[in-house]
Structures are given as structure tokens and as C-alpha cells.
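In the order they appear, the protein sequences are chains A and B. Start counting the first sequence at -1; every next residue gets the next number (the numbering used here). Start counting the second sequence at -1; every next residue gets the next number (the numbering used here).
Keep in mind the hints are simulated off the structure, nothing from the lab. Be careful, since some hints might not be right.
Which copy? The list can't say, so a pair holds if one copy fits it or any two copies do.
Below are the DSBU-like pairs computed for lysine-lysine, each with C-alpha atoms no more than 35 Å apart in a straight line [to be verified]:
1. K67 to K15
2. K334 to K67
3. K214 to K323
4. K334 to K323
5. K334 to K210
6. K214 to K327
7. K159 to K347
8. K327 to K159
9. K210 to K327
10. K323 to K67
11. K327 to K15
12. K15 to K347
13. K327 to K67
14. K347 to K210
15. K334 to K15
16. K159 to K210
17. K159 to K15
18. K347 to K323
None of the values given here were measured: they were computed from a predicted structure.
Protein chains: 2
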Amino acid sequence: MNPSTELGTEVLLPRSKEEGDDFVADFATMSGFGATEAGGVERQAATAADAQTRRWLAQWLRERGFRVKRDRIGNLFGLLELIPGAPYVLVGSHLDSQPRGGRYDGAYGVLAAAHAVDRIRRHYQSNGVSPSVNLAVVNWFNEEGSRFKPSMMGSAVYTGKLDLETALNTTDASGTTVREALSVIGELGEEDVFGTSLAPAAYVEIHIEQGKILDKQGVDIGLVTSTWAANKYEISVHGAQAHTGSTEMADRQDALYGAALAVAAVRELADRYDDRLHTSCGQLTVYPNSPVVVAREVQMHLDLRSPDDSILAEADEILRRQFAKIEVKANVQIEKRHAHTWAANFYQKEGVELARAAVNDLGLSNVEIRTRAGHDSTNMKEIVPSIMLFIPSVDGISHSELEYTHDHDLCNGVDLTAEILLRLTHGHLAEQRAQ
Amino acid sequence: MNPSTELGTEVLLPRSKEEGDDFVADFATMSGFGATEAGGVERQAATAADAQTRRWLAQWLRERGFRVKRDRIGNLFGLLELIPGAPYVLVGSHLDSQPRGGRYDGAYGVLAAAHAVDRIRRHYQSNGVSPSVNLAVVNWFNEEGSRFKPSMMGSAVYTGKLDLETALNTTDASGTTVREALSVIGELGEEDVFGTSLAPAAYVEIHIEQGKILDKQGVDIGLVTSTWAANKYEISVHGAQAHTGSTEMADRQDALYGAALAVAAVRELADRYDDRLHTSCGQLTVYPNSPVVVAREVQMHLDLRSPDDSILAEADEILRRQFAKIEVKANVQIEKRHAHTWAANFYQKEGVELARAAVNDLGLSNVEIRTRAGHDSTNMKEIVPSIMLFIPSVDGISHSELEYTHDHDLCNGVDLTAEILLRLTHGHLAEQRAQ
């Protein structure tokens, strides 16, 4: 049964050439904030470049009649009230980037949300129909987690998974807290935007795929059905500081040697599971990090992901045994702390079906995808029905200045987001759930 | 034939209790500059703590009638002119430390030199005999090489092994040049102190052993006969930045995985040579170093040392082959640059014999040692006869806050330095060489 026919489909007017051009032009302007020479962006959370991008978005929203608000963890909202007192459908992603990251990751989803909601605004202005919910564009604070850990911080606080004070007191490598960093750029809000009166009804997020399924298969849209599970660990390797030249080899307690064995073990663990387990160490810091000093300590961050929770549990046990062997071999102590975790989890089926109907009605091709990357929707789907959409990314390149998505795919994504929002404002999701 | 009897030995007056107490007190004062909680010091080259220590030493020297000078690479000299126009015997070491280093490494040798020369000054004031050379205490700039590479920078420029401009333009991790750092602390001198008129005649350096031969065997003094050879390499591992979660394992070009395999290979190379090869990686920096980003690049510094040049050459060839395999396994490129090297090399035999005679006449026990660590004397012995002496270090701990040497060993070292300097001012070394 095709819900779009059963529920009575309303498709927005086809995108005008001007609407497409505006989006591409706005995206180019936005990509100038924190732009790197190699075509990427460098705007980690609450840096000057992040602040520039946020101010530009707020201005864009205000100019179109949105009410702009910031909550106490620096999430930025652009509210479009269509029906006073009705709940809000949130739509957005994040403007912050990895160090030397790509211009599409996150930022595309925020701008697509803004353009889509603005299209809905113009639609309602011109046809007078009554929607059943309000809309809000959202830019979640610190999705990337490179400067402040954990990642997806803003949505975690919003959804109650992370304590506000804990988040605000988190420090970056130089000791600056989230509270200080947000205050400095003037982005620390004072209210619980959606705490009581403005209840969220649903969430929509569109993002580049960060994988190459769509690009390889030549498909327009990925309908995200579930997430991979992830385990993240903070590891400390403890050795003893010594002279690289004079200290006898047998006496060394070389923290970096221990860490190197651990990095190799973690990577090679993935070989057992034929791409059903992704493992990585991307962050490793050596103390004191002098060329002639055997390291006394290494801090590192491990990232393990799988579509299957039981694989993660098994990998955890294998690592425990391997780390015990490394401790003996390198004469070090390895301390392993669980930093952050999320289970393999499904997006609400009614959301996937609503999105599939909209994709079909727009004449776009689609495929279901399980996302290996975390997104703010991973948090949001715990509290409200959430729809996660992907557009293609050339060669699936991600967290890299080389990230690239074609303009026609960017515009398809805006169209689809607008179409889904339109259906949500008509209560389609509620009807779907009742089926 | 015992040179001390043949040449007519003059032993200084036995150390008074006051002289010993003064040394220990001065050493404690000096160890307060940049002191760390765990009993070490943190005073990397041309930092504020290094500057404090240098100013304190300069003041100490001036108060006792030394003329204080700085050369153009920030070496600090305290000149004691006994015979106008005669060449100088230099004696000293370095005041800079590793990050969280020990209080004895280098600093002891500078203060021992100052106290020894001052004792000679008082000796000549009271007995009126004419010496044949002048004496100068020296604090070599940046021996440690942790902030600015290479190590032994000041003595390398002084001896013409390193170009002055190259050294001054060397930057630390934050981009500050040696020239700027020395200017900021007011320690950039303007003259070639020993360029023409003040020619050096010999060099003496005393240092803690940084090994445990003396401590284990209960011997008072190490007579250093030669250095181990060292090869130091700068390594860049080039990969491609990517997402730790979403990127398929087979597509990864993980620079940190490649670096980890290299660190392990370098360490395990040493196992083939039964402590005749010391290998280490103490410095490793990851870019961009984010927990959810596969590293695009790793920079690291390798340190290989051996008493045997041919072992180093063989190790170099083995590493070349292993790195080629790692490049394939980790899908990365490894770039290896020779950063710094010194061959296994002998101290002048006449200097060792002069020192042995002085040690014997003072009733101290001794053993010959080949040093595995580099010292400024490694540079100085290329241009003048040089004497290198070790005192015991408990458990041989080095480049660590836990470094410790007993006060009686510190005082023995000052006595020996003074005794050797006295013989040098009497021309003993020249006579020894003529034998």
C-alpha cells in the first residue's frame, strides 16, 4: 500500500531554477567561512570560523522571518511558527567541521533544512492551507567531537543523554571549557528552547552519505534504516620516561612502543570480520614527545563500529586479551576506559516509509542504507520519530578536504527535505503510525 | 709510567666542609628554577625557566669576578683570565632540560665547572704560581634538542659543524625561531666569543652517567673513552584523511597504522643485536589527531645508536626493507630523512690518561665507559683535546624526573674537575701529548 496515494499526496511546486541557483550560491558563501586552500573547511566547534558560520546562518534566518534562539549548550534554532502552540518538527544537522574537514559534512544538512523550511513558508503564504505543526531549523553544537568530546554533544544534551553541566565543563586540549568557548563567541544561550512549551514532534536530517553505496550504484537518495553500533574507548598507556640513547633496551618501559602494538592490534582486529567491523585509532598523543626521550605516557582514542552488537562485544573481549599480552611484551600498563557507546538501532519504520513515498513521488531513485557514521539523528530518534536521509558523496570520501557532492544532488536533497516537511506539517507521520 | 708522578703532581687542598656545603646549597637553589612537583625540572631551551637559570648563573659568576659573555647562538661563558692573551680551557655542560627532565642532566656539569674554576681562582690568588692557560665556564645552548632540533646545537655552531644562520632560523613546534626565543629572554649575544683572540685549548665536561655501570659496580668515576655512533631520522608517514566509522577498511590509507608498524619494527630491530643497538621513537605527532578521523600524516623521530658503525649501517638497510613492506601493508608512503648523525668516536687518549691520573691521586675508583648518550664534548673533541667524565646516577635513570645522584658523588665530581683543571693550567695535557 503506497501511503502517498492513500493519504492524498501534495507535492510542492517543482523547484524553480532560481531556487536551485540560490541554494548553490548560499552554499558557496557558507563554504567560505574557515575555507582551506585544498577546498575544505576548518571550523571546529566554537572556534572563530564556526562562529562566523553560525552568525551568517542566524542572519539568513532572521531575514526570512524566523525567530532565532540558542539553548544552553549552544544549539542554534530558527523557529517558524505556523500554528501557535503546536509542536515543532525539527530539521537540521551541524555547522561545525573536523580539522581540515570537508565543506559538505553537516553544513549541507543545515542549509538544506533552512532552504526547505523557507520553501514551506512561501508555500503556506501563497495557499492559505492550515498546517498541524510548526517547523524549526536546527544547528546542533559540536557534532564532530574533535575539539570537545564526545561527538554529537549538542543533541545529546538536548535529548537528555548527556548532563548539561558535564558538557559545559568539558575542556579542549588547551584547557578551555565548552562554557568559555561558547561565551567567547557569544553563542551560549540561556534557555531550554524546547524544554517545556515548544515540544518536538519529529526530526528530519539530510547528510552526505560518507560511504560510496549511492555513488557506486548511481542512486539519488539513501533511506537510512538503522545505525551501526559504536564503542569508543579512551586508552592510556603508562610507561617510564628515560633516555632514548643510554637506557638499556631491557630496562625500557616505552609507552609509545606499547601504544604502537595496540594501534596495530586494533587495526588488524578488523581483518577477522570482513568489513563487518570498522576499527580505528585517529587520535594519539605522546608525553613528553621529545626525540631523545622514551615516552612515559601515551593517550589515545579507539573507535570500533559494527552493524552487529555481538561483534562489538566479541571484539572487546579479544582486545582485552591482546592488551594483556602487549602489557607484558612492552613492559607497560594499559588503562582502557569506555568513553562513549551507542547500540545498533533502527529508525522508526513509519518515517522510512514516509520518506520513501516522498522520494518516489519526486521521481528519485533510492536504496536503504545502514549508517556507519553517527549523526545527531542517532540521539533524536530516541525521543521522537526521526527520518535520516543521504545524498551521494563522490567516492564516499569523508572527513577530508576532498569531500565532494554534485550540485544536482544537493538540490535533490533540498527538494526531498521540503517535500517530507510538507507531509509532516500535514500530519502524515501521525497517520502512518496509526496504521 | 704514571704521569702524575713523572710530571710532578699538584693536588689541591682537600675540599673543605664549607666548599662541599656551598656546592650542595647552590645546586638546590639552581634546581628550584623550573622545578616540577615530582622533583625534576622543566626548562627547555630558551624558555622562561631556562632564562631564570642562566641569569642566576651569570650573577653567580660575576659576583666571583668572572667576565660573562654570550655568543651569537646563546652559549653563555664565564671567563677567568689568569694570563692575558693565553688560550682558554673550557669547562661546562648545559643548563637546559628535557620536558619534565631530571635536575642533574647537564646542570650539574655547569655548576661543577663553575665551582671548580672558582676553586682554581682562589688557589692562584693564594699561592701566586703562574698558570699557562685561562679558564672559562660554559653553558652550551640547547643541548637537549627537545624544543629545537638538533640537539647539541650551541656546541655544534661553536665548533663549525652547524651553520649559525641555519640554527637561528630553526623553529619549535609553535613556529618560534631560535633567534626570537633567545631575543625574548635577552640571551642572544653579539660576538664570536672565541672566534679569534680567545682560542680554546682544551675542553672538560662532567656529567651524570645516564647508565648504571657506575651505580651497579659501586665505582666513583667513569672515564669516557669514546661515544656510541648515532643515526637520527625524521620520518613522515603519508596517508589519506578519512572517517573512522564510515570508510571501508580496504579503502583506508591510515598514516597512524603505518607509523605504529614502523615504531614496532624499529623497536624490535634492537632485539637482533643483544644491546649493541639501541633504538627508539620518542616523538610522534599525528595530523589532524581527531578521534573520528583516520590520520592523513604522522611525523616522527627515530633514534638509533650503537658502539659499532657497521651495526648502524646494517640496521639502516634492514629498516629500509621493512619500511617498504609496511608501505604496502598499511597503504601509506613512508619518507625517511637523515636528520643528524655522529660516528663512533674516541676521546683523545692523553685526556683520558690525564683524568685517570687525577682520579687516582684523589683516591677515587674509576672505570672506562663508552657513552651511549651524546654530549657537547662529542662536538668539542673534534676541535680540541676533550675530557669527558661521569659520576654515578642511581639506577641509571635519565631524562626523567626520577634522576638522582648522591651528594658525595656530586662533590667528588667537583673535586676531580678542579684537579684536572689545575693540571691543565700547568700544561699537563701538552706534556702528555708530547710523550
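So, going through the hints one by one against the coordinates:
no. : hint         : result
1   : K67 to K15   : within (31 Å within a copy, 75 Å between copies)
2   : K334 to K67  : neither (39 Å within a copy, 53 Å between copies)
3   : K214 to K323 : between (41 Å within a copy, 31 Å between copies)
4   : K334 to K323 : both (14 Å within a copy, 30 Å between copies)
5   : K334 to K210 : both (33 Å within a copy, 34 Å between copies)
6   : K214 to K327 : between (44 Å within a copy, 25 Å between copies)
7   : K159 to K347 : within (23 Å within a copy, 72 Å between copies)
8   : K327 to K159 : neither (39 Å within a copy, 40 Å between copies)
9   : K210 to K327 : between (39 Å within a copy, 23 Å between copies)
10  : K323 to K67  : neither (53 Å within a copy, 55 Å between copies)
11  : K327 to K15  : neither (65 Å within a copy, 49 Å between copies)
12  : K15 to K347  : within (34 Å within a copy, 88 Å between copies)
13  : K327 to K67  : neither (55 Å within a copy, 50 Å between copies)
14  : K347 to K210 : within (24 Å within a copy, 69 Å between copies)
15  : K334 to K15  : neither (54 Å within a copy, 53 Å between copies)
16  : K159 to K210 : within (31 Å within a copy, 54 Å between copies)
17  : K159 to K15  : neither (42 Å within a copy, 68 Å between copies)
18  : K347 to K323 : neither (45 Å within a copy, 48 Å between copies)
Comparing the model with each earlier hint shows violations of hints 2, 8, 10, 11, 13, 15, 17, 18; every other hint is respected.
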